[in-house]
Structures are given as structure tokens and as C-alpha cells.
Amino acid sequence: MKRVAHPVELSLDQCIKCNICTTGCPVAAVTDLFPGPKYEAPQAGRFRALGRQVVDLSVDYCSGCRVCNMICPTGVKIAEINARARAGMVKDGRFPLRRRLRNNLIARADLIGKLGQPIHQVTNFILNFKTSRLLAEYALEIHHEAPLPKLADSKFTTWFRHHQPSGNPGRKVAYFHGCSTQYYEPRVGRAAVRVLEALGCEVIIPKQNCCGLPLLSNGEFAAARRYHASNVRSLVELARQGIPIVGTSTSCTLTLKEEAPELLDMWDEDTQLVARMVFDFNEFLLSDLFPALKRYPLKSIPLQLGYHIPCQYRAHRLGKPGLEVLKLVPDLQVVDSQADCCGIAGTYGYKKEKYDIAMQVGQPLFDFAKQIQAPAVICDSETCRWQITHATGLPAVHPVEILAAAMGFEPEVPLAALLNKV
Amino acid sequence: MKTINTEVLVIGGGATGAGVLRDLAMRGFKATLVEKRDLSHGTTGRYHGLLHSGCRYVIKDPQAARECYEENRVLRKIMPHCIEDTGGFFVSTPWDDPAYIPQFIAGCHRAGIPIEEISPQQMLKEEPLLNPDISRCFRVPDASADSFMASEANVLSAIEYGAQALTYHEVTRLLLCPEKPGKPGGKVTGAICYDLERDEDIAIHADLVVNASGAWAGKIAALAGLVVQIRPGKGTMIAINHRIVNTVVNRCKMPADGDIIVPAHTVAVIGTTDEQVADPDRIAIEPWEIELMLSEGEKMIPGIRQMRLLRAWAGVRPLYQETETSASRNISRAYVLLDHEERDGVGGLITITSGKWTTYRRMAEATVDKVCQKLGVQRSCRTHQESLPQVEHEVASRIIAEGKRTKAPAPKFLTLGRRLEQIEEKKDFNGIVCECELATYEEIERAILKGNARTLDDIRRDTRLGKGPCQGGFCTLRAVGILHHLRQPPVEQINAALHDFLNERWKGVRPILWGQQLRQERLDELIYRVVLNARALPGSEGTRLRAQDYEPPRSTRERPVPSQREATQPLKGSGTSQPDRFSASTTKIELQATECDVVVLGAGLAGLMAAWRAALGGKTVKVISKGRSALYWGSGCIDVYGNAPAESRQVSKGLLSALLEKLPGNPDHPYVKAGIGTLEDAVIALRELSLQSGYPLRGSLEKNWLLPTALGTVRPTCLAPELMTAGEITERKPLLIVGFQGFMDFYPELIAANLRAQKISAQSLTLSLPLLLETRNLNALFLARRFDDPEFRQALIQELKSHLLKTKQLHPDLRIGFPAVIGFHEPYAAWESLQDGLGCRIFEIPGLPPSLPGIRLHQMLVKAIEAAGGSIFDGMQVVEAQTAQRKVNTVWSEAAARLVSHKAQYYVLATGGILGGGLTAAPNGRIDENIFHLPVHVPISSPGWFQPAFLHPSGHAVFRSGILTDAAFQPIDSKGQIIYENLFAAGSALAGIDPLLEFSQDGIALTTGYLVGERLAKL
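Taken in sequence, the protein lines are chains S and L. Residues 1 to 422 in this note's numbering are what the first sequence spells out, letter by letter. Residues 1 to 1019 in this note's numbering are what the second sequence spells out, letter by letter.
Everything labelled a hint here was simulated from the structure, so no lab data went into it. Among these hints, one or two may not hold up.
Claimed, not checked - Below 30 Å or equal to it, Euclidean Cα-Cα: the simulated BS3-like pairs (lysine-lysine) are:
(1) L:Lys588 to S:Lys320
(2) L:Lys588 to S:Lys294
(3) S:Lys91 to L:Lys588
Treat the numbers as computed from the prediction; the structure is a model and nothing was measured.
Produce the complete structure using the sequences and hints provided.
Next up, the structure:
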């Protein structure tokens, strides 16, 4: 049914100019190229018009971390207004061409994965070889030090096709793996599947494509719409049957739940139904699967580890479900980072003009990691993990890996190394 | 008496007067213009903002239509920089008679106005918020015009050609020779004007007087004993907070009320009404007018009622009529030129009146043609050929200085984004004075030094200062600081100017004050009443130049309840409705293992106190809030009681005694309900915590601190951070107020001047530090982070010390006051090191939000709660409560694509009042508590909610609304029964008093939060 008023831009009317958002913005705290959330969204928003976009490049420094949304007392959808402003500039051709090319390239993690994974050794070499990185920085403005991940030996779905489901399968659960699990960190997917099956689920991997978040974050809305519409087509039938769609990547799940429908104005029933049936992994464990989880005998994991909640996970507005799940693991000591953002913010920290900002934004988190002297950091988002490891040298793992180990499954690198030392 | 001799005197500084002045000057006449207030102060500054295509009049007034279109084209040529080429639509809604359309098309054709029909799909693509049930749409050459810029440009052009314009000069008498008004053979030879600013009279002698005073033309003519029957037609308009349309939208029907929406700069204006009034100086904005425009607006833009309304205003149409008629709308809008020699036998005076803004130039042309005729000269008009100057500083001053026309860049149409674009191009975010409207320091400075600006309101007309969502909340302080710095008048004048402006802004928001705008105004009130204590400013509370307030509305009827369905049936079916947000299909999630003993809703001072005490008592506590709290906006002190009696503006030192004396008369007062003992315990507890946290708060209930504000007044407070206490006013030791070049939120000269005016010895200093000048965005947060840096502090100490030694001010008794930015992460350490380095005492002065001292209090309490095992979550807006049998079972907060449950044994409602967002006022006078829908006590019905003065000594009655509770702070119903046995309430949501008025907001939050927390700890 037709929506008559766009909630994102209209939310700028909620602003009472109080400046709370600016006090919390991690980007404005480290650079004066970004005057802050209040300036960019509810304020500059009154000066923008459809199809008559101003060249407003300061808005491109918004990392989309959504701290501002979380602390705004009146409900201005600040990060979303910024995202749409950026998309407006892209659509009006106000972005320098080279930047657009670069953005489009790094926004297509799925393409890089699809094309690069079969020849992963070559690709990994190129992606990490200093000369090619310097060349990439010169030609495409991708910072030569930014933490590009390594492609895995084999795809997650390849493993899934060949794996033997364990346990007595009960209810069906669909797993949305996302690009990072598929091409870069299939171990996270393996842990997730094992946990789900052990708790009595029959795991299905539906047809799916990249959630499109990097495209959304770079203002490439037309492409993002195609990606999201395709996912909706693949997932809606499952949603109609009441089969939950669970994901371990907190960015993918937020995109499916809210970011894509809201930013792209997709209010049709199918999109909304899928959104309602998407669950974050920990959210799912603490609700539907909690009875089974509570009964399951968990082994001791005697480690003291740091935990960082990704900014986009906070944006799910579920609290800190990752921490709640980890609390169930015997002997595990988890220290919460209290940091706002690791800085990478999806594709943000890979860009030459933003790399330094990203590293400064993440500094409180990196200092925390060093200060607690823990052997690893737990974090639910893939790009955060890569950023943390890049900045601190510490390995980073997804909470599901810890849980899988506690449930008796053989841990994989890097968690295996930590547990073997114990 | 001063005298001016001129050829032609023009009375009236609206569009017509300014246009006449320009035309006279261009044709070589020596001309002088007088205007009783500021240019465009009358109808010109209050109209709809429309450059008519003429299509509106094609059927009712074809002559006017044709004239409009011709002038539309001329104005686009000569002053594109005052016009935004928005284009216009004429739309046929389900409420509009389709039979009008063919007549409309034919009429436009006859008038020669080009129109183009577009499909409704195309229309929606361009204007997505328009009613999707609109069946037909015509594109017309309407545009949006800035009448302020246009008048200024005309006057500027006239000055170029040697004319003179005097604002704030009111004509009090017309000079007649011989002195026999009304008798044939007399002649008007000039006027006596009263100069409002200098408080003196001035005589102006002229060969001819042009009465271009618009709606006041009758009053001026009466000064010569002549009758010019003006039937002033008042029209009210509402500005919507932002540009919901970028095209002018008209209803395609016979012109009536509320059928146009015009995008004007950053807002959209819906209007208008048409009510005959007797006196153009005494007009009121009626509630039914507001209601009418909203209901008509809904037909064009569904959902307009839910949008944020910024402001309402009323202007008066100058309608001239020789004969009686029923409705003023039916009087022709064509202009009227009266030669009083021919008509009445009185020479020397001609009157030009009626007409429309769009045709002002033509009216001026006809007027000056008549002037030529009367004075016997033959000079032709060129105003349609020569471009108007751009009011931009460089161009204007260059032309005037060089005395000739230089090649200015070709002026382009206005665009919505031009101010944003200019700032983005420079990549410099400094010096923005009015943040809402992006009005910069340079623009404000130009208006004050080069322009005609006498008052802040004049600056507003020139620069759009104060025209945005906060309606002067932030920029008023900045503007008075700048005005004081540039003009250096006696500080009492500046103080009065501040009151004038705040009241001028207030007069326009009162008619539409509900919802989010009411919340905004309450924040503005927190800033000016409490943090800045503007009521205590030395001097009077207004000047002669203050804007005139509206009359009180005649209709005492309460605002009608907005109906779900339209009262009048549409001609065709129309079924737009907002989707129900939380329908049955909304996913609801319960996260197990997250249950706790206590859930506190709201993380303001009250909520945090309650959570802290309950957690200390061993309860598992979770605080959930939509966002951060009013702590971020206040002074960072704990105001317990300011004892400011209504009559006096004195603040009192004695505190506890004042409390004991005043309160027993008010048994509903939270302090009385909680008991003074609880207040004492709460104050001691917080003070103890502050000492443990390394950020000591000092003070006790014995007496208030009296500390300086960022305006230079004195405010009372009970607990102040040690970083502020060296500023105690009763200590008779010298003060030096230090600010920073480029920091827009702090004006040391103004502060020191006001302190001195209260016989408090104070000097001021503005430091220019290279490190600060290098940044693109010098704001409070940036400064605070610099203060954390030892190198910066060192540089600051050196710079300050060398200045103090040079001026022989350095003395251990000296107390130096900074804006409250001494450190973000380590304020105490920063403060100590500054004191050590300088060898004298340092203190902070809180000002505009964000409040660093407030942030520190917030962080201190959050740490205490977490140390006691509690948890706090931002970004969780509770939208629903699930209750059964007088118990709250759970509350649901809004999450991505679902609602999340927060189960607990006990719940504390600490969501605040109107400022905090826990209570919301609806247009119909109802106030709702948003989560549990508890009954809200409203002390007076909505016509009585607001006083005429913004900082009225009695405050605004609406803010005494709130939730009623018993002595244990559990909400009760009208029979005194507890509504939910496991629900408590604390903080500003409580009924009975206006805490801002008595400087008790923090104390009430502290005490009630403490009491509830302690109670829960024992349960």
C-alpha cells in the first residue's frame, strides 16, 4: 500500500537542536571535516531538495555508525537522512567519478568473492602484496594499509553441501550466511550450523545474494534495490511458512530487517514480511531456542576475553544479546569494551581519505584491547573483527564460535589456538 | 527640530513604497522615504511569499491575472536573486469541482498565461507528498519570492540614485498649508515624524507626499482630514518546519481560504484566511483559522496535521473600497491610485493602495507617472529594464563606494541550498550564528554595520536569524553577544533587545504550540530562564522598538478536536490513511535471561538516581531510554530551590529556610510529599558519590551558591561542581571573564558588562589562540577536548599570563571565568593544572547546550549504576505497556522490525515531562503520557496555557501538568487509587509545579528518584 509520507526525511522535524547527537559522534570527535550529526541531518536536511542536490561532501564523512540515532532523545533518523543525502548526490552525479568507481568496487564484496575465491591464492596475494596495494591506493584511493580480508580455501556453501547434519532435526531454520561467511570466514557459518543443529533445528541455506549494505552505505541505491529485491524474492516463501531466517552477520541482518526497506522506501508486504522474519543469531538463541539452549550441557571455557558490540548491532536495538549469550558459558570472563565504534564502518575505513579517521575513531577500542591484556576480542561483525586484528594484532572471533566450542564442537583457528594453550 | 527638505516624501517602507522610492530616484527626483518600523514590517513582510503567475485570478479577476503575469515576467528579469523559480501546480483534489477546470484552462488562455497539464504520476514524482488522489494537475509559472530581499534591493537601488530611507520614523502629523483639513484649496507640504530610536521629532518638507502605507493608508490620509476607506483583510499563515513541497501548490477551484502552499526558503507556508478587521495594528490569530488551514492543507498533503508547525503569523491586506460589500475577498485586488487634489481638493498628496505584491513595480510606476504629472515633468520609467542590485555585501558596498555601476556577476535565481552550498564550498563550519537557517557571522555583521538593522527582529528580516525550528533558542544569545560587541551600547539596551526578540518569536509560536514545537520551546525556556537566568538581566524588559504583539483571540472556544474523517465529504472517494504502525502482525520478541528486578524508563537525573539506589540495594536494574537526557542541556549543577518570587527578580541565598517557609502551603509539591529529610539524604548521597568519583560537587541545603551565567546575570544553585564555585558572586574579589576568538557560544564582553551593571567588578578578555583558529569547527566539544591536552593548556596559560602581567591584573585574588569547557574526559585534572599554572582561581560558566558539566554528571551516575551491577541502554524507546489486573507485566520497546520485551518486577516511569518527552501535548488541549496512558492532570484548559511574555514571571500554566501520585510516588487515578501496583513515577513528569520557574528541576528529580530507588531497594 502506498506510503504517503516518507518517515526518514520527515523525522528531521523531531529535532529540537539540542546537540546531544553531536556529543556522541565518534567521527566529529576526531575530524573537523565532519561538522556533526545535527549539522548534517536535521539541519542541512532542510536545505536539500529532491533532484536539486547541493554538493555537500561533508555528509560523506558520516560513517553510518548510528550512535547519533541511539542517543537522540526525539527520534530523528540521523544516519538514514545522511545516507539518503549521499544517495541523492550520487544520483545527481555530484560525486567525483573516480570516487564512485572506487566505491562501487569495494561495495561489491560478493563479486570480489565470486570471482576471486576460485583463484583464492592468487587473489589473496594480490590483495595483500604491498606493491599492488600501493597501486590500488594511487589508482583507486583504497588505502594501502586497510585490512582487506583473505579469501578462504573453500566456500561455506561447499562445506554445507557436503556436511552431515547432526542431531534430530526439528523445526526448519534458514541461515543467511552473507558474503563474509561465504567467502572469507566460513568457520563462522560452520559454528552457526553446528549450534543450530545441536539445538534441534534443521538448517536450510536458501538462495541468497549479498544483502547490499555496502551499496547502501555508498549511496548506490539503484543497485542496492536490485540486490534487496532479489533477496526478498528468495526469502519470502520461507517467511510465509513461518520459517525464521537467522544470520550471524549483524550488518546483513540489520539490512534485511530495516536499513534496506527504510532507505529504499520498500514498504510492500513481501519486504515487510521478510523483515519481520529475520533474526540475529543471538536474538534467536535467547528467544526461540532458549529452552533448548538452557538445557544443553556447556563445557568450561576458562578464558578472559574482550567483547565489542558492533555499532550496527547496537542499531538492532536489542541491547547486547551477544553478551547475554556469552554469560551462559561457564568460566568465561568477558569484559565489555564500552567503545562506540571500531572505525571501519563497513567500507568507510578502506577509503584513502577516511582511513586515518577510521583508525582514530577506533582508538579507544584498540586501547581497551591492549589494556585488558586478553588474548582475543569477541565481536559479532566481520569488518570489525578485521579492523580489530589489523589495529591490535589480536585475533577476533564471533560469539557463535565460543558457543560452539562450549557445546563440544572442535574449534577452528584462531579460537583453537587460544583453547589449546589453556 | 531637525528638518529635511526633499522633493517627494514617500510614506511606507513596504514593497510599494520601496518601489516608488526607486522609481522616483531613477527618474531624477530627490526623494525621502519614512517607515514607522523596519522595511517590510507591514503586509509585505507577512504575505504568503508568492510570485503569482496570475492563474489564481483568471476567473474572478481577469484584469489582475493579466497584470500579475506580465509583472511576473518583469520581476524574474530584474530581480532573479530575490526569486526562487519553484514553478507552481494547480491541482484538482477530490474536494474540488471538476467543472472549474475547463473554465480555468480557458481563463489562463485568455490572460495569456502559459500552463501545461501533467499526469498525476509525474506530479507525484516531483512532489511525493501530494495527495495521491489528485486527479489533474497543471504546471504554471508561479514562483516563490523573498519580499524582504526585494524591498531591501529596491531601497539600495534608490540610495544608489541619491534617495534617502529612514526606518523607525513614524508619521505623526501631516503638514498642511493652509491649516484647514478637508477644506478645498489646502495643500499637504510635508510631515512631522517621530524618530523612535532617538526619541525626537523631525520635520520633512516636500513638494509632494506619496501615501504608500498600504493597510495604514486610511490612517495617514486621515491626518489630512481625508477619508480613504481601507477595509483591512487579515490573513493568517502557518509555516511548516521544512520544505514539504518544492513547488507552489494551489487548489484548482474558486479562490478561498487555505488553498495554497508555498515553499519559502527552508519552510513551506500554508495559507491563508480572510477576515475583515477594524484596525491593522490590532489583529489576532484565531484558533479556528489554524484549524481551517490544517484541515484544508490535509486535502493537498495528507498527514500535514502530524507535521511540525513552526510558526503562525498574520498580515493585513490593504483593500480599498468605495462602496460596501460583504466579504473582503470579493473586493478587486487591482491597485488604486488616488489624486487627492482631484478627488478631495487637497493638493500635495497622492495615495497608492490595494494591489498585490507581485504587481508592486507596476503600482510604483503608475504612482511615479502621476508624480511626474503633478510636478509637471516628463520622465520615463526604467525600473522594468534595469536589474536590482544584489544585497550581497561585496557588490552593494562596491557600488556605493565607487558611486557608479560596476560589473556585478549576473544574478541567478535563489536556490534552497545556496547557504549550505556556500558553507560546503568553503569547507568552513565556523561562525554559524543561526544554525537552523545557516546565517553566518558575516551576514549578521553586515546587517548590523551596513544594513538598517536596529533590533534583532530587523536582523531576522535581513538574515533569517531565528526563523528555524528553535525559533531563536540558540541564536538569540549569539546575536546579542555580537550586537553588543559591534555596537557597544549601554548593556541595558542589549538586554532589552534580547527580551524583545524572545517575545517576538514567542508571539508567533503561541498559536501553534503543541507537540514537538512545545517541546522545543520548553528547551528554549530551560536555557533562558534557568541556565542564563535572563529574567534577572539589568534594565527593562523591552524597548520602544519592540514588535507589537497580537491581540488575544476573540474566540474563547477551545480548539476543536481533530476528527478522523473529514467533516465535509469529498466529491469523489478518497481513502488515504496512515498504516497502523504496530499492527497485530508486528513481531514481538522476548529475550530470555534479560529479566530483572527493576526496569527504569528514562535516563534523566530522576531515572538514574532511582536506578543507582535500587542497584546499590542489591536489585538487578536495567535503565532503558530513547536517548540521552536533559542533563545534557542544563547547567550541570543541582538546583534545589531558587526562591524567585513572581514580583521580584532577585535570587536568594538562603535555601533550606525558604523551602520550609514556602512549601507547607503546597501539599502536592514533590518536596513536601517526599519530605525535606529525603531531600537532605539525596543531596548528601549525590555529593558523596561525586567525591568518590573525583568530580566533587560542593554545597549544601544551608544556602545557595550565586554564580554568574553566560549572560552575566546571577543564578542560584545548591550543588555546584568545584570547577564552578570560584565564581561565587558574593565574594568581592575581582573577576576576569575569558572567551575565545571564533567561539560562537560565549561573549565575555557582554557577561562582564552585565556583571558591572549589577555592581560586580568584572573585566573581559577574548583570546586568539592559533591552535583554535586552525580548526574548521570551533565548538564547545572541540574546545573541551583541547582542554584535556596538556600542551594546549600550557599554551593557554602562557598567553593568558603574559596578558595578565602586561595589564597588571595577575593577583592571587583574581578569579578567571571560562566557558564550561574545561576538559571532556579529565575535567578535574585540567582545572587543577590551570589553577596551578596561573596561580589564581579558575571557574567555569555554563551556557548553551551541549552542557559539558551536565555530561559529566550523567557519566558519573552511569558509572555508579554499572559499578553496582546495573545496566543502561540508549536507543530503546518504550512504545507499549502490557498490563493486566492492575499490574504491569512487561513493556515493549521499539527495535528493528519488531518490539522487544523488558520484563521486571517493578517499573519506574522517569520519562520526564514535556521537555523530557514523557508527556506530549496535542492540538486539542489534551496532554498524554505516552507509555502507560496514565491520567494527566492539566491545571487549565488550553486557551489559558500560555502567557504573552516568554519569560513571564508566572510561567506558562501548561507546564504544571503532570501525573498525580500518592506519597510513595505511585501514580493514582482521580479517586486516589493506585493504578498499577508495581509502577512508580519520578522526576519532571509529576504534576503540581513548574520546576523551571522555581529553579527546582534538578532537586525534584534528585529527591523523587532517590526516594523511589530507596523504596525499591527495600522491596
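Going through the hints against the structure:
no.: 1; hint: L:Lys588 to S:Lys320; result: holds (17 Å)
no.: 2; hint: L:Lys588 to S:Lys294; result: holds (21 Å)
no.: 3; hint: S:Lys91 to L:Lys588; result: violated (37 Å)
Checked against the numbered hints listed earlier, the structure breaks hint 3 alone; every other hint is satisfied.
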